[in-house]
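Place chain Z on chain F using the hints.
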Amino acid sequence: MKCPLCGREAVTDLCRYHAESKEKVQAAYPLWVAAYGRIEWSLYLDNVKRNPQTGQWAKEIAEFLKG
Amino acid sequence: MNSGFTLVICEKPDAARRLSDALSGGAPRTELVDGTTVFRFNRKGEEFVVCAAQGHVYGVSDPSDERTVYPVFDVEWYSSDLVDEDNAGAAKRISAVRKLAAGASKFVNACDFDVEGETIGYNLLRYACGGKEKEAFRAVFSTLTEEDLVKAFDDLKPASGDGLARAGRARHAIDFVWGVNLSRALSQSALGSGHRYRTVSMGRVQGPTLGFLVEREQEIREFVPVPYWKVSGIFERDGKKFSAQYVKDRIETKIYAEKIREDCVGKESVVDEARKSTVQVGPPVPFNIGDLQKEAYRAFGYAPSRTLQIAERLYLAALISYPRTGSQRLPPSINYRGILQGLAKVREYSSHAAELLDTKSKPVQGAKSDAAHPAIHPTGERPRRPLDASESAIFDLVARRFLAAFGPSARRELAEVTLAVGEHEFRLSGGRTVFPGWMKYYGRYAGYMDVELPSVAEGDTLRVVDVSVESKFDQKPPRYSQSSLLERMEREGIGTKATRADIIATLVGRGYVSGESMEVTDLGLSVVETMARYAPSIIGTGLTRQIEERLEAVEGGGEAEAELLRGTVRSIAGQLRELGANEEVVGREIDSALTATVAKSFVLGKCPVCKRGDLRIVRSRTTKKRFVGCSNYSGGCRASAPLPQKGTIRSTPKPCERCSWPVVYVGGGRRPWRLCVNPRCPGKGNP
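Quick note, the sequences are listed as chains F and Z, same order. This note's numbering puts the first residue of the first sequence at 1, with every later residue one more than the last. This note's numbering puts the first residue of the second sequence at 1, with every later residue one more than the last.
Possibly wrong hints are sitting among the right ones.
[Said to hold, decoys possible] With a cut-off of at most 25 Å between alpha-carbon atoms, the simulated DSS-like pairs for lysine-lysine come out as follows: (1) F:Lys49 to Z:Lys472; (2) Z:Lys611 to F:Lys24; (3) Z:Lys254 to F:Lys49; (4) Z:Lys440 to Z:Lys472; (5) F:Lys49 to Z:Lys611.
Think of the hints as simulated: they come from the structure by calculation, not from any bench. Since the structure is predicted, the reported quantities are computational estimates derived from the model, not experimental observations.
This is chain Z alone, in the form it adopts within the complex:
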């Protein structure tokens, strides 16, 4: 092996390839080292070898082999394949880096510039490269475009202090200590109560997040609606009809609502007040990851974790900047003109981008900043491969948001007319966009509607054509969506921009929440109830938020991570003692919730044949095959249906529109599919 080359460590193979292409001018040689592809090339007389970690290749665990004992407060870093069986390739990648390091004279950490990337690079430099973490250089970039990568390597930074890496390593250690102890305590309690082993997990951010969901679930399930009435009228002037609302949104008694109708029908109304105003609506601020996840949920219904995955693919394709950013700001250093010129070559954006290039405007900036990366923006590069539908959707959203940030404020004309009918007042309100400004660039995502109003002046009259009284009930609070839950986590300051979406996915995966509706299961309720009783600070936000703040202090060099870890251990130890002392009661409660949750997961819906029983997934004792059967079998109902024998089966909230039998999701293949379980459904194949 050659000596004296520069070893570059990237986070992902796609990034390593793109970086090598950019620095070599497109002709790197590929080699296999211990089964890992590495790239070799010369640049300005210097030999480079580029390799990729493919995520975390080191992870934390406790040094003992005993996997059921708690408390555990010793934490060591190990090759990830030893702590996570799904990461079997970690040992090979470490071995490749170790071999390459032996021949390297200079080291560059080119992992993503954030806490996780810094931790991945730091660990490899420290453990696989023989303690090179302090002398390694840092390549800092926010996009994988050739221009940015060349610039980053022409201006390599010295090792930037290890605050980010220390904070990252402290976060991993704290989350491990927290999760392993509480999860083992809960799982052991359930096991002790006779239930077969099942992981009942509880993480540092998972606890408070589940707490938010349970709090809302309780409000929903205890909700009692109160009746009220809503009054609206149809008014006519010059042959045109307009709908107006009674000034009071909510009429508390039926008798008064009906009196309003009697008092007004057939009468003339007089314009009491007619107001018009023009308001400026500023452009939306550039996307940080949370904003993008919320907007993608609003526009396309994508779960936050899905949006993050798509955005990462677009980043690795060099189409957008690094997505895990908290920033809502676009600094001039990203080269506005270059990006707009790039977008001007794409048909969908060409006219808008060309227009903005002429105006030389500057983008609006948001309040949040992130020292490591700017707000998410397109790079101006064209895709080198076809994008799938979801990638195209997210790219379009990012590109339009970027263009909109440069647009001028929009102007909306708002109008409000108050109509008096005797002692009663109705209100007509509407608005229209008189100057679209940024809305033109943001397109269908802008979401403002035009509602026309009559052109009237004070004293004009309109005839009351009709008055309707609508009986209403208070609405129960809405369940959190994945997007609104993410927003709440952000607001409460728990989790990080990189981890929040995964935590929500874990809550679904553990069976605490059902995926579709975010309805908390009996198990989720029971876990929070148990925690609230015996370990309340675990599900409160205070301790978790305090740790996040202290991790930020570690990042800035203001606190030692060892002290933070000791403090966390002290906080958890007391709560664990309480849980341990009440293991029997805790076990009984969790066991019965587990049983109820598992039983419910087999129920698909009401039986449309007997209308008494539930259709459930049943497994035949003789053939061992699963099928759908009615729980009212003993009562004479013989409703049954076959089921696919492969893949997971999940119920859906709505029955088939054609036949009222349950519809299920069948998972396990490339993508889940919906199936009406009725073999004789008239709309078979298309429920």
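Excised from the complex, chain F in its bound form:
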């Protein structure tokens, strides 16, 4: 099976790189919630996607999770 984001071999539903990026995007959410007091998941993903510091694979995952 291929990773839907980059075409590399998938380890689960994603390739190794995007799977690790997904874990990182999910792990950072509670930190953003604590930092701002409150932020919706969808708004969080938009912010992660737009942030110039976000890595390329993490941006692709944010877009993917946003659906």
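For chain Z alone, coordinates are given in the frame of chain F:
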């Protein structure tokens, strides 16, 4: 041909000429032997003939003609023109040395005194001179000044044992076996998967170095920033304003950052603590090649390979000592006074050098030493030809670093004031140089700034004029620069001082890394991923470092090179079996990465016209000419632009500031030039 002369073998033609000038008193006769210039002269009743190898004239290869088969474990030395088509002149130079050797009664190896130089001289003495490697004398020098060369020939050493040469020959053989097998395995896998042939190489040091880059690339691409806030305040006393930072660098929540501002604005602050201290800052240690490469990158942005090339030119011009040294030490034998006297005659350094001559101080010494050569230093000679801008820059850096090494420690006064505003604390910090010491000699390279602080005592008050809260995000890790990568290689003990810069250049040349930003390409990622799966020790540092240590043992006579080569073959063989057994999968992965990398190399940037497509390099089917076109052509975008038809074209990360169209590097001529591809750019010719 005369018989009974002394044949001197140098590494480079410039060194042969300079050596001949120095030993003959400036009047050597030149002759052509098989198209190679040689120098002939008499010295103290002895006839000398001096010739140059011009780099390696012998190289390793496998005895078979088959260039696609692996594994290959037999290694033989051949004339370099047979193993490297770019070295076509090697046969002529070997032939010249062979003819000269027939008439010589004494032989001197005067190649650079290091592993590579020793190997070049050893091979010529062994193969071209008929087995004279053991009876030849060795001329040992670290600069090409007349004084050093005369001294070296007045005190010729007997053949110094062949440890350096054996280590050099073992390194060439190991690197060949390593590189040829893995590169053939990878290239054949990609070819088997249908991709047209392209060399996918993997060297012994190249693998772990690419591994460092990939590890960092992964961190960058997976990075998710977390927000935080930074609080700073403006404080006023006696009409002067000072900026101070909140004691905690990072405030984790927005609500607390705003509370700090509300609590502090308009209040009085009290000096809780005011500390002043004076610290001594010692002079920087003399340059070894790695330090020089790092400093030149910091000061001028020069890539390490460029710095090495410039330093070698300065060495051949007898302006600096031999640059490929690991030493950070300047022994008295280099004649400190003589060099300072020489620098005192150069306008830029005259006052500093004269001052140091008066003080009779000794240079600071670093921890690293090198038995063959001292730290890089100026020779004190004046240039006989005009230096170009880059040569002048590196020479200035070397000269000032040498002067700085003799300077006394500098003294810096550091001050730190803690200001309390209720429960909150801010910190003012600054420093100034109270005694410049060595910094005066090192000039603009010293890099210390003065920041003034208020003169206050505990209990004094300052008014809080303003408090600002700045929203920040964690920064993704920086990509390696060529300089920081070199530093990592040094720290990990892989490669040598002579080869590290070339290995970085090879990674760029192979398309594993893009040159400007050191960003790893899909191909680089895929090669490391494949290696990590099927041949993990190839990209780990352990095996490579172990081989470096064993090569050092060969150099010192503690290990036989044949045993080291056998051990290396055993290590590689198992990894090759794994790669071979999975050739199909490996091929598919590398093939798709190759395709993606090639496709990306044609993309120049986002289309500024439709803002949807990418501007790409396209080749016309009818005229076969290349031009820029938008990938959104089918969507109606007709953005296009002509391109130069000659030279290589590389994208750059930043678009044109005037028109937002991509800017490219056009290479192939004497130097690459930047071009905004928009023919109607308002700043045409100056993007």
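Hint check:
1. F:Lys49 to Z:Lys472: holds (16 Å)
2. Z:Lys611 to F:Lys24: violated (30 Å)
3. Z:Lys254 to F:Lys49: holds (21 Å)
4. Z:Lys440 to Z:Lys472: violated (38 Å)
5. F:Lys49 to Z:Lys611: holds (18 Å)
Figure legend: structure checked against the earlier numbered hints; hints not met, in rising order: 2 and 4.
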